[in-house]
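Take a look at the letters that make up each chain.
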Amino acid sequence: MRGHNLLLLAFLPWLTLPVWADAPFGDDSEVPRVLTPARLDQPISEVPASVTVIDRELIQASGARELFEVLRLVPGMAVAKADGNVPTVSYHGTQARDTRRMLVLVDGRSVYQPGFARVSWNDLAVSLEDVERIEVTRGPASAAYGANAFTGVINIITRDPRDSIGQQVSVRAGNNGIRDARLGASHQFQNGAFRVSVSSQRDDGYDAGITPLESGDAKRVDRLNSRTVFELSPRDTLTVHAGGSRSRLDRPPESGLQALADYYDDTEQVGERAFFGLDWQRQLSPRHQLKVSAYGQYTSEDNNLDLCFLDPLTGAQGPGGGLFFSQELRDLYLANNSDIGQTLAAAGADPAIQNRYATLQASGAQAFCGRAWLDTQETRYDLEIQDTLQVTDWARLVTGANLRHDRGESQAFLSGTGENVSRRLFANLALKPVAPVTISLGGFWEHDDINGEHFSPRAGINWQVVRGHTLRASYARALRTPDIYEDQARINLPITDLNAPFAGNQQALLGWDPAYFFVTQQSPGMLKPERIRSRELGYYGRFFAGALGGFELDIRYFREELWDLVSGALNPFEFDPANDGEVEHRGTEAQLSWRPNGQHLLRLTGAHVHTETDNGTEQRFAARDSASALWHWRLGGGWSWSTAYYLARDYNDYPFERLDAQLGFRHRLHQTEVEWRFVVQHPLNKEPVVFVENKYQDDQRYWIGATVTF
Amino acid sequence: MRCVWGIVLLLVGVVAGVAAAGTPAFGAATEAPVRLTVRAASPQAAGEFAGILRALGGDGLSLVEDDADLVLALGEQAFRDALAADGPPVLGLAVPRRAADRLITDGCRCSAIWQGVPLDTQLAVLRALLPEARRIGILRAPHSVWRTVPPAPPGLTLEAVTVPEPGRLGALLRRHLPDWDALLLPEDDGLFDGGVARLVLLTSYRQRVPVVGPDGAYVRAGSVASARVLLKDLAAAALDAVRAHQRLGHWPAPGFAGHYSLAINEHVAGAYDLDPVERAPLERLLEATP
Numbered sequence: 000m001r002g003h004n005l006l007l008l009a010f011l012p013w014l015t016l017p018v019w020a021d022a023p024f025g026d027d028s029e030v031p032r033v034l035t036p037a038r039l040d041q042p043i044s045e046v047p048a049s050v051t052v053i054d055r056e057l058i059q060a061s062g063a064r065e066l067f068e069v070l071r072l073v074p075g076m077a078v079a080k081a082d083g084n085v086p087t088v089s090y091h092g093t094q095a096r097d098t099r100r101m102l103v104l105v106d107g108r109s110v111y112q113p114g115f116a117r118v119s120w121n122d123l124a125v126s127l128e129d130v131e132r133i134e135v136t137r138g139p140a141s142a143a144y145g146a147n148a149f150t151g152v153i154n155i156i157t158r159d160p161r162d163s164i165g166q167q168v169s170v171r172a173g174n175n176g177i178r179d180a181r182l183g184a185s186h187q188f189q190n191g192a193f194r195v196s197v198s199s200q201r202d203d204g205y206d207a208g209i210t211p212l213e214s215g216d217a218k219r220v221d222r223l224n225s226r227t228v229f230e231l232s233p234r235d236t237l238t239v240h241a242g243g244s245r246s247r248l249d250r251p252p253e254s255g256l257q258a259l260a261d262y263y264d265d266t267e268q269v270g271e272r273a274f275f276g277l278d279w280q281r282q283l284s285p286r287h288q289l290k291v292s293a294y295g296q297y298t299s300e301d302n303n304l305d306l307c308f309l310d311p312l313t314g315a316q317g318p319g320g321g322l323f324f325s326q327e328l329r330d331l332y333l334a335n336n337s338d339i340g341q342t343l344a345a346a347g348a349d350p351a352i353q354n355r356y357a358t359l360q361a362s363g364a365q366a367f368c369g370r371a372w373l374d375t376q377e378t379r380y381d382l383e384i385q386d387t388l389q390v391t392d393w394a395r396l397v398t399g400a401n402l403r404h405d406r407g408e409s410q411a412f413l414s415g416t417g418e419n420v421s422r423r424l425f426a427n428l429a430l431k432p433v434a435p436v437t438i439s440l441g442g443f444w445e446h447d448d449i450n451g452e453h454f455s456p457r458a459g460i461n462w463q464v465v466r467g468h469t470l471r472a473s474y475a476r477a478l479r480t481p482d483i484y485e486d487q488a489r490i491n492l493p494i495t496d497l498n499a500p501f502a503g504n505q506q507a508l509l510g511w512d513p514a515y516f517f518v519t520q521q522s523p524g525m526l527k528p529e530r531i532r533s534r535e536l537g538y539y540g541r542f543f544a545g546a547l548g549g550f551e552l553d554i555r556y557f558r559e560e561l562w563d564l565v566s567g568a569l570n571p572f573e574f575d576p577a578n579d580g581e582v583e584h585r586g587t588e589a590q591l592s593w594r595p596n597g598q599h600l601l602r603l604t605g606a607h608v609h610t611e612t613d614n615g616t617e618q619r620f621a622a623r624d625s626a627s628a629l630w631h632w633r634l635g636g637g638w639s640w641s642t643a644y645y646l647a648r649d650y651n652d653y654p655f656e657r658l659d660a661q662l663g664f665r666h667r668l669h670q671t672e673v674e675w676r677f678v679v680q681h682p683l684n685k686e687p688v689v690f691v692e693n694k695y696q697d698d699q700r701y702w703i704g705a706t707v708t709f
Numbered sequence: 000m001r002c003v004w005g006i007v008l009l010l011v012g013v014v015a016g017v018a019a020a021g022t023p024a025f026g027a028a029t030e031a032p033v034r035l036t037v038r039a040a041s042p043q044a045a046g047e048f049a050g051i052l053r054a055l056g057g058d059g060l061s062l063v064e065d066d067a068d069l070v071l072a073l074g075e076q077a078f079r080d081a082l083a084a085d086g087p088p089v090l091g092l093a094v095p096r097r098a099a100d101r102l103i104t105d106g107c108r109c110s111a112i113w114q115g116v117p118l119d120t121q122l123a124v125l126r127a128l129l130p131e132a133r134r135i136g137i138l139r140a141p142h143s144v145w146r147t148v149p150p151a152p153p154g155l156t157l158e159a160v161t162v163p164e165p166g167r168l169g170a171l172l173r174r175h176l177p178d179w180d181a182l183l184l185p186e187d188d189g190l191f192d193g194g195v196a197r198l199v200l201l202t203s204y205r206q207r208v209p210v211v212g213p214d215g216a217y218v219r220a221g222s223v224a225s226a227r228v229l230l231k232d233l234a235a236a237a238l239d240a241v242r243a244h245q246r247l248g249h250w251p252a253p254g255f256a257g258h259y260s261l262a263i264n265e266h267v268a269g270a271y272d273l274d275p276v277e278r279a280p281l282e283r284l285l286e287a288t289p
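Each protein sequence line maps, in turn, to chains X and H.
For the record, in the first sequence the residue sitting at position 285 is 284 according to numbering that gives the first Met the number 0, with numbers rising by one throughout.
For the record, in the second sequence the residue sitting at position 140 is 139 according to numbering that gives the first Met the number 0, with numbers rising by one throughout.
Please note that the accuracy of each hint is not assured.
Chain H stretches covered by chain X per the calculated footprint, using a threshold of three residues with CB under 8 Å from any CB of chain X [stated by the list, open to error]:
1. 153–161
2. 190–204
3. 259–269
Partner residues are not named here, just some residues of chain X that face chain H (Cβ under 10 Å, in silico) [what the hints assert, rightly or not]:
4. V33
5. R55
6. G467
7. Y539
8. R633
9. G636
No wet-lab data here; the hints were simulated from the structure.
All of these numbers come straight from a predicted model, not from anything done at the bench.
Beta carbons: idealized from backbone N, C-alpha and C, even for Gly.
Isolated chain H (complex conformation):
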């Protein structure tokens, strides 16, 4: 009798295994592929993003120009345009959080993946890269979405300083940098555009305070490192949301991408004696960061 039960269980296991192995990359094999339309600022950008979606989503999705089930809108303007068109449910991608909050209304059948990287994720990168940094400064704009600073992990001091206007940035850097071991820059269009990069990065470097964040462009300019969202990360986040929509019948709540990549400026990291930076543990850390 035990032997019979054993065979039954084995068969069940085999069937389940076959079923699982037969699950396609996106959606059930028997279901019709979900039809997606990509809207972006330019046809080239839309085409590039569609290519990545196709590579990641496989046969479970179909990218169409018209008659789509769902619309993926890349960027704030495309999101606005898609919402104005009053078509299928829309997911905005890389939409600034403040704009998303304004555009997403109760009955809009829409949601968004915010632009940028959560402060927690950047802080995790900073801690992994600069574990000896104990006093970490954060600069933010007055109406920053980062009004709430994450609680400081044990042994760390997080000091958030609000910059009332870009013209005050230099004075605040001079005032606070001597008290910090590292500077964390959250993504903030109103504050950290290309115009202030020279001021922030040179002032910090002169005072030997490493900068982490806010994005890949800053890393190329001289920030030590940053978590960032590449197109592949955005595509993976979009597919997660499409799956959720299929499962739930509506979009998940707006949030960050949840998929991040790492940018490191090896020369700057070397100057701070962080060379050679081991990327693999940092990338694993980003995978584990929501």
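Chain X extracted, bound-state conformation:
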């Protein structure tokens, strides 16, 4: 025993030395703690899901002109302008025109439109140049974001004004009518900064002159985006977001109406968006942070249908076309269980219809022409409180509460107004019981007026096997709640701007005032939420291999089961509100970034997905194989080169394959910096995109752009 004590005494100076010796010299200056545990984000290797981050370098290297296009760099993401000039972006795509199964956030604000369950990519009030980075959570994430984070979440983060540089003027011009312009301004003041940008994008879309897009599918979108940050104190930050957009889209004729009427004017979709949001963050302590967010947003869309209806007997324009808006044909339609074919077949023998037809013929009119509107307005108000607490060095807890009010208004689709109020509570806990293991547990409880109460859980474990190599397993359930339209649809299409003698004389000539199109639909209001269950095994590696450079690799094997899907169409001519769809996705995805040195970046993604479904429409946007490859080369002297390859085999039986190339040059000119970019997009096949009408007149699209920063 004595021997042990002596040994201890002999080492005592050395044992005590570190106590003195750890005292720093020269670095004990007063530097406040800036990046505290509560402020820091969770690293990708600890997230219980596959995450793809598209940063500014990738955005610029992609040469993309529109925001949705960069999402082709996400493995498993289906991206195409499936409907003329309306993009569809869908992770593990199902229906081709479907954007309702994925949540999209801009600076934490949901742009998923609740009234009519969609994301309007054209109308996002943010231009690609405003984006700092895009974080894509691949897989259900309702446990973190609530309902509608169904197959995944796209989180678009705009540039912080404190990081914005001076003023910018950009112009871009190319074939297919590409004409873009953007003005950006920023200013840093004493305790904060602001930035604002105004941009305009226009192009002629797909080919004009090919049926059924005779009128083309051009678009013009104007956007305003601003963000202001006030550093109220070292612990308080207030951010103000505001902006809006206005769009004009040429739209193709409604296929259901083409057999009944002639268009006397083209259809144009006019969209308007506005939003205003406040975020207040308070650093309660280095380990504790509180965030309060509130926002409101407004969306409006109107499509004009300018039609002269065909006489059902002659098949030519004439006053008999008024029958389609007669009280009698509506009654007959309802008597025939809302079967359009049966109604039209029985119309000729119906005495009331015959009388109405005679009245119309006696009106003396040459035709029956008027304007109908497909109108939608949506508003959302959202208030959220989120608390982030680093409980211990090995436990971090994020909890919060959310209150949301959604309102949808449409004469055509709802015959009025529908509302929904949801209340939500959430908690996500990340535990590190031992250094290489992270256990994530999360849940999201919500109650809304339409769908009642539901809960979405997620559990995951990440195990860092060796430094830079992490294995991941996760299980998640999520749901998509029926929107106001699916729950409360009451389709009634009134007609206005009628020609004489119908204008102001509807009661006498059509039997009712206002007069509606004979087809009507009504939702039974019994739809249940769509559900998804996902299991995932993944690997995330971030490592350096000597002379070969740095690598970042993510591989994901997944199995996703979707059920209670609302697979049928829900438009005025086809209305099938039923939870009868089922889909199963199984497959593997990988993404690799390789930086051999500071000059080169190579990025590869690939996905192989087996999709099984009981409904063919759910497979239209499900490409079995998809891939992307991007190579970015900084040539030096301000020059850069990038080339990208995209593959999706197939979207609705048509393969998508394209090669892009971009040459960039940045140089200083007096006090300004000028950047030139020349981009070519070259389709590698002659196939249309998703649908047969989506063909380009020119095989190649190309444009040149210049940005001046001063």
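Fit chain H to the supplied structure of chain X, relying on the hints for placement.
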């Protein structure tokens, strides 16, 4: 005969071994211990440093208040005061390089160990911690001692940007951070004081550019890591210099401490996916860095 030579060699070896084993921690056993005086800004600081010297130097040194052989002056002001006193040879410790250059004259019988860590050492830490960083930015003041940036190792790009005044720092960060994978901050009192930490660290974090350096205080504030000089490192450097003085009869040329410790902000490193950081290889790297 071979056997005799073998025995002789063995004896020589044993004697040499005994002699070597008998060498005390500091100085020869037969020599009188070197008498050192520690000067610092406060008696407490001097006492603390003397304690560490005593623990490291053992019996080979004697810490005295008067009649010292050599003076160790901790910090710039103590160095100035010691030089003004015109006493025994003085070694300044942790003296800013620019001040040391002014104070050390040809006949002063003095030298200094500069404050801080060489840029090479910080770069070595950065490379070990962030091997995938290929484009590394360095910010420096106009009259920085880091006028000469070390040559970039193969595959790396080092871009040094001069900040004309602290007020321009924000604009330069906004301009250059998007082009960098990591930011290296050399020690520079004129630029990286506590006042700009929030600007540098928050701007870099928002743009996901990890910061390495300039010192331990910045690491506590949110820099990923930094090599730094602790008192024990400074004491070890001082003892190296005292040994050299005994051997050569004069101080070695001014230079950096040559002994460094590592500071890592585990939370920030984790946020950049560098968790868990293996400290041992990094500390070995610092031992091997001059």
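The hints, checked one at a time:
Given a C-beta distance limit of less than 8 Å, the hint that chain X covers the segment 153–161 of chain H holds, as 3 residues qualify and 3 suffice. Counting residues of the segment 190–204 of chain H whose C-beta lies closer than 8 Å to any C-beta of chain X gives 8; at least three are required, and the coverage claim holds. Counting residues of the segment 259–269 of chain H whose CB lies closer than 8 Å to any CB of chain X gives 5, so the stated coverage by that chain holds, three being the minimum. Contact between V33(X) and chain H, as hinted, is supported at the beta carbon level, the nearest pair being about 4 Å apart and thus within 10 Å.
The restraint placing R55(X) at the interface with chain H holds, with a minimum CB-CB distance near 6 Å, inside the 10 Å limit. Residue-level restraint check for G467(X) holds (minimum Cβ-Cβ distance to chain H is 9 Å; threshold 10 Å). Interface hint at Y539(X): satisfied, since its Cβ lies 9 Å from the closest Cβ of chain H, which is below the 10 Å cut-off. Evaluation of the R633(X) hint against chain H yields a held restraint, the C-beta minimum of about 9 Å falling below 10 Å.
Contact between G636(X) and chain H, as hinted, is not supported at the beta carbon level, the nearest pair being about 13 Å apart and thus beyond 10 Å.
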